[in-house]
Amino acid sequence: MSGKAFSRVRGGKFFKRADIIVYVLIAVVSIVLLLVFLLPKEEDLTGFEITYDGARVLTYEFDGGLDVEDGYLDRVSIEKNDGGVYITLTTDDGVNTCFVDLERRSVKMTDADCSVSKDCTYMPALDGDGGAIICVPNRIRIIPVGGISSPVTG
Amino acid sequence: MKKAVLRSALIVVVLVAVLSAAGCAYYVDGTDVSGYIPVTLTTYAYFDCETSVNVYVASEDEKERLTVLWSEKILPSLAAAETSLSCYSAPDEGAVARFNAAAPGERVEVDVRAYEAVKLCLRVYAETDGAFNPATARSLDLWGFTDRFLNGAYAPSKEYDRADPHSQLPEQKYVTAFAELAEKFDGVTLEEDGSGFYVVKPEDGFVTVDGVEYTLALELGGIGKGVAADEVAALLKENGFEFGYVSVGGSSLVMLANAARMTSGKEGLFDVSVIDPYNGGHYFRHYCRDVAVSTSGNYRNSYIVGGRTYSHIIGKDGVPYDTGVVTASLFGPSAALCDAYTTAMCVMGMAGGEASDFATKLKNYRYVLIYETNEPTIYTNLSGENLRGYAEVRG
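Those protein sequences? They're chains D and G, same order as listed. Heads up: the first sequence begins at 1 in the working numbering, then just goes up one per residue. Heads up: the second sequence begins at 1 in the working numbering, then just goes up one per residue.
In case anyone wonders, no lab produced these hints; they're calculated from the structure. Ideal placement from N, C-alpha and C gives every residue a C-beta, glycine not left out. Be a bit skeptical, because a hint or two may be false.
[To be verified] A few chain G residues facing chain D, derived, Cβ under 8 Å:
| hint | residue |
| --- | --- |
| 1 | 41 |
| 2 | 244 |
| 3 | 253 |
| 4 | 273 |
In isolation and in its complexed conformation, chain D is listed as follows (with noise of 0.2 Å):
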């Protein structure tokens, strides 16, 4: 630094405006970074898993596709129709089969040969909005991946 720069320095503002830009500048950007990470997100689902007895069968990521688990691969088919996908799931309790709607990013039940009632083809779909489909008599879950399915109540 030259003398005379060191000298504008020296006997300058301890702030000057574009310090002030500066400081402004991170707050804002500390406060958006703040929103993204802390504030609860509603976020699209990313993709789901479909449990059997508590054991994962399989995955399915929406921007990945599907991963079955060793074991099942001959128990799961799929069937592309109705701009979505169409998976069953052969078990020992029986066939459950649900619909991955690709352009809403959801999944749901529509049929099962659990009983009946087939509960589970009236729960709601699966779409980022919370909550798990429970099919009791054949031991079938279906919940979001990475994380707990959002408690629901009814």
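Position chain G relative to chain D; hints supplied.
Quick look at chain G alone, frame taken from chain D:
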């Protein structure tokens, strides 16, 4: 030079603060939960439903400890609760089944869990003027809501059975007799001495129809899941698991704290959604923690005859209730009590605001319910979101 150094130092300090705040650590109740792992364990073995514990753990070691707790304490606790409280257990194994099989006037030895459950039932029976009544086992069987009707192997075997019990209504003489029998629940007494716990069936705890005697019988489905949910949540807390929730069939839940939510003002809150009975979606959402939740209603385990819904909750007249309360949820300290109170609220109805008036008077409880007259209307004293835009009355 000194000022330049100071300015640079200030900028560095601010940057460090920003980076720290923006995701290096998340705190709930003073605990850093940023590295917590979500774990869900489920079983379908008890209460004819799915029971799940959904817990955030701090490490793989904690996950292993939870798994051990699940297999060594939680599952045995659920098994013991079902055996004790279910009317379908063998009488030599289950306390409630033993009471049901007992003769009028008999003193029945029970385990402490069943003793406390019957004690709770007697309390709520009195508080609700009989709107909650667990002595409806005979009526439930009469109307086709016991196990033998639901397992697909039903065949008429009792005097009051019909060929198709979900389309043919029972004879009135049985309806009246079993309603009269249920009223005798307030004659049940409890005894405790140094050697054990006892429930005594009243001397007049029977009715006779066409020469056949039917004795007073309990069906604790109205609180059994709540009892189980409370017990599992207590086990989690006793063992240091503070983040997560327990669900027994979705109708009984106990919320601890949510490690995935750190928002200022909402630290640790779960967003609990209540199922919409009309379309299967969710009609209400409430943010809460450290609270139990229960829901009762007539949209599940029910059938329709002549345009009227007959559900598994029996009214004081011995007939499945038809009060217009489609679903009622209660948030409060005990899942077992929430279970009993929501059942009572369905029976009380809303014609004169009975259910909401009752719930409003309960200390530390908040309610939300749908009452259907011309259109579904939400009645609530709970803060939350109306997700369907139904008409709403705030208490």
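Cross-check of the supplied hints:
1. 41: 6 Å, holds
2. 244: 7 Å, holds
3. 253: 5 Å, holds
4. 273: 5 Å, holds
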